[in-house]
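Visitor: Listed in order, the protein sequences are those of chains A and B.
Going by the working numbering, the final residue of the first sequence carries number 513, and the count climbs one at a time with no gaps.
Going by the working numbering, the final residue of the second sequence carries number 513, and the count climbs one at a time with no gaps.
Calculated directly from the structure, the hints in this document are not laboratory data.
Predicted model, so just to flag it, every value in this text is computed and none were measured.
Please note that the accuracy of each hint is not assured.
[To be verified] Simulated pairs of lysine to aspartate or glutamate, EDC-like, Cα-Cα distance not exceeding 20 angstroms:
id : chain 1 : residue 1 : chain 2 : residue 2
1  : A       : 375       : A       : 512
2  : A       : 375       : B       : 358
3  : A       : 375       : A       : 232
4  : B       : 375       : B       : 278
5  : B       : 375       : A       : 358
6  : A       : 375       : A       : 513
[Claimed, not checked] Short derived list, chain B residues pointing at chain A, Cβ under 7 angstroms:
id : residue
7  : 196
8  : 374
9  : 379
10 : 380
11 : 387
12 : 393
13 : 403
[Claimed, not checked] Simulated coverage check for chain B against chain A, where a stretch passes if three residues somewhere in it have a Cβ under 8 angstroms from a Cβ of chain A:
id : region
14 : 109 to 119
15 : 221 to 234
Glycine included, each C-beta is placed from N, C-alpha and C at the ideal position.
There are 2 protein chains.
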Amino acid sequence: MSEPVRVGIVGLGTVGSGAYRLLADSAEHVARHAGRPVVVERVVVRDLHRPRAVAVPPGLLGTDIGAITRDRSISVVALLVGGLEPARSMMVALLESGKDVVTANKAVLAEHGPELFEVARRHGRSIAFEAAVAGGIPIVAAIGECLAANRIESIRGILNGTSNFILSRMEEEGADYAEVLRLAQDEGYAEADPAMDVDGTDATQKLALLTHLAFGTWVPWGQIPRRGIEGIDLDLMTTAREFGYRIRLLAIAARAPGTARVALRVAPTLVRIGTPLAETRGAFNAVSLVGDAVGKMFFHGLGAGQMPTASAVVADIIDTVVGRAAITFRTTAMLEPEGPADSLGAADLVERHLLRFLVADRPGVLARIAGCLGEQGISIAAVIQHEAETESGAVPLVIMTHRSPAAAVNAAVAAIDASDVVRGRSICLGVIDD
Amino acid sequence: MSEPVRVGIVGLGTVGSGAYRLLADSAEHVARHAGRPVVVERVVVRDLHRPRAVAVPPGLLGTDIGAITRDRSISVVALLVGGLEPARSMMVALLESGKDVVTANKAVLAEHGPELFEVARRHGRSIAFEAAVAGGIPIVAAIGECLAANRIESIRGILNGTSNFILSRMEEEGADYAEVLRLAQDEGYAEADPAMDVDGTDATQKLALLTHLAFGTWVPWGQIPRRGIEGIDLDLMTTAREFGYRIRLLAIAARAPGTARVALRVAPTLVRIGTPLAETRGAFNAVSLVGDAVGKMFFHGLGAGQMPTASAVVADIIDTVVGRAAITFRTTAMLEPEGPADSLGAADLVERHLLRFLVADRPGVLARIAGCLGEQGISIAAVIQHEAETESGAVPLVIMTHRSPAAAVNAAVAAIDASDVVRGRSICLGVIDD
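For reference, chain A alone in the conformation it holds in the complex (with noise of 0.2 angstroms):
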């Protein structure tokens, strides 16, 4: 076997010390993968005292990313911290010491993507990422790679566990949002602070990954149209089943039919009962995606959490040593959109929509509520007034349309929400069939 490859971690927290682990444990099997031995010659951390999971030998431990920099023997390093700074400027100067670079760090790639792809362009380095979307689902490698004879037509994802987790938590026990979060947080499935997975900013960043991949498109995470799980009620996932749907987050990038253009969401979307989406559950991950010669596909696995996520990212630096991460890099790199990306937006999406309007409850609401929807072009496909149960006076009242532009259906909600017969705030969902 050949001479053994050298690697850093950069990065001991959950997945740092997952990768180290599994690097550590697997050696041998590792080794049989990358055609030779694959050795951590070094770790850096940002507090050298702090109490770890895994026993790393004092010698390897440091605080310095120079000794990574500095050390030519190193080709490989993982870089397993989170957020941008200092993420980006590490990523940065390994790079231009001519390291390869693997990492599990959505936000940093979501973010400054084009500049440090071009920095590793220019020294002739790959960045591999299958980490940082859906942990141990190989769906950068299954998009990539894998269908690259295919012309993406759409890409729905479960990319959140921790939202996901919550939701259908809140569905099978009947909870409310806040205290399944609490139980989520005990539990280790939400962070103490968990506002970037309710809020869907993680998703977002996931799927502006995955369009890049599948459609050539750099789209600015920030622009893609996102709503968190905030707003869910346990009301509205009853009237959600009633319909014959549930309630999950879904990361959505669909190309309109015949064109360049792709339309891109994260938001709560009512999915049908039975769909392999619908039925993901807990903190797994999902991506159900259509080519055009491949048909629909789905894949289903754990998306974050210490080991599927470390497996991963090493197998992300088996593909690194053996020089397949390179060839990936130089040929994603190269892509460009297949025609104008001139109209990113979830507005461009056309589907059914379920609305729920907390109204006053006297005569003739009903009536100027089907007039605005009528006015947009929108017909309705079904309505549940029940009788008010409040002393309020405000009643919910439930909509679900035809197949109708988003364009349409938010112009006709924002109508809504400025007349006299709306009582509190409106909610808008998309609906999935298939």
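Add chain B to chain A, keeping to what the hints say.
Guide: Quick look at chain B alone, frame taken from chain A:
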């Protein structure tokens, strides 16, 4: 963009026509991913005059594979003929003349894999075969590359679309095997001679290839215990459903816990309703696998058919053009089993079993059968015996066992079959709950 790469296609049947069409219709898209144009230089068929669904310029068509092997401008060849010969000789000739090969032919690889891989190695060429297993589902790449950091613990696959079409239609329509087989043939989901599909041969050959990738073990497919779906009747399906299961033709490879031993089997198996494999319907394929790091993964997609298979063929052509296939082939070919694979066989599997006996309707029969099971240490979880409906005096007796080694169950069934209480063919199916 670089010089075009010139490819040959051998065989212009369903898959060959699909690959030709995809390379032509998506030429620009393929070039983007391959980093250079991919041009079909020559197509070899058996019969020049057969009518075809794709229009190949007559100058490209020929019947002599020598036109490809002698053409030094052709570097990659898609070998898309089925069966063993002349596929085997053709592949050897192509490799010896310096061509990299892409193929969808699982039979020739399962039968002659070690020889063909050795020829490729000797000539520094690669063989890519994503299309040979589960069509459009990228399971070969997933196991061979993406999950390389994992020790695979188990693979369970629905790998034959024809069998799954028949089983799920029987169940949905309450129609019997022969009737649904005719329907499947009419609709193009089954060949005129469906023997290799319904007797489990096709799935077993695919399982042999996946076993090689996942466990580094080359098992001659003929040594894998194999049963087809011919014996499945509607009564058995109804009984399975009463217990909460559907019947699927499952290909299983499972590592005995803590050992290097791998148990292999292809057989109709009870899978619990609601689990993803049980909900895989029609001509779809699916693979559920467990890796020690990644946990449980599930893949679902079209496992056969013209364009899904062509999607995998063209992805492999792209992989070959960019150089990934050569790397993967080199690392895969070096795989060796982790420890001795000293005991391969379904007898190692420990699971629940559903047994159905046709027994004489007289006293003492249940005691006799329960006695045979008890002697093998098998305990009974449930028994169903409905009142006799036939004049024959034979009644079906159905037993669900607790978890027991397959070897013990087989021995008990053999003893029962040898006794004088049995009036017809006994059936024994494994049961999977998760």
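Visitor: Is the Cα-Cα distance between residue 375(A) and residue 512(A) 20 angstroms or less?
Guide: Given pair residue 375(A), residue 512(A) holds - Cα atoms ~14 angstroms apart, limit 20 angstroms.
Visitor: Mind checking the CB of residue 403(B) against every CB in chain A and telling me if the closest is under 7 angstroms?
Guide: 5 angstroms, holds
Visitor: Restraint: residue 379(B) near chain A, CB-CB cut 7 angstroms. Satisfied or not?
Guide: Cβ of residue 379(B) sits 4 angstroms from chain A, so the hint holds.
Visitor: Going straight from one Cα to the other, do residue 375(B) and residue 358(A) come out at no more than 20 angstroms?
Guide: 15 angstroms, holds
Visitor: Residue 375(B) and residue 278(B): Cα distance at most 20 angstroms?
Guide: 29 angstroms, violated
Visitor: May I ask you to test the interface hint for residue 196(B) with respect to chain A, counting a Cβ-Cβ separation under 7 angstroms as satisfied?
Guide: Result: violated, 16 angstroms to nearest chain A Cβ.
Visitor: Between the alpha carbons of residue 375(A) and residue 513(A), is the straight-line distance 20 angstroms or under?
Guide: The given pair, whose Cα atoms are some 10 angstroms apart, holds under the 20 angstroms limit.
Visitor: Close enough to count: is the Cβ of residue 374(B) nearer than 7 angstroms to one in chain A?
Guide: Cβ of residue 374(B) sits 5 angstroms from chain A, so the hint holds.
Visitor: Between residue 375(A) and residue 358(B), is the straight-line Cα distance small enough, at 20 angstroms or below?
Guide: 15 angstroms, holds
Visitor: If you look at each residue in the region 109 to 119 of chain B, do at least three have a Cβ nearer than 8 angstroms to any Cβ of chain A?
Guide: holds (count 5)
Visitor: Is the shortest C-beta separation between residue 380(B) and chain A less than 7 angstroms?
Guide: 4 angstroms, holds
Visitor: At a threshold of 7 angstroms, is the proposed contact between residue 393(B) and chain A supported by beta-carbon distances?
Guide: 3 angstroms, holds
The structure shown violates the earlier hints numbered 4, 7.
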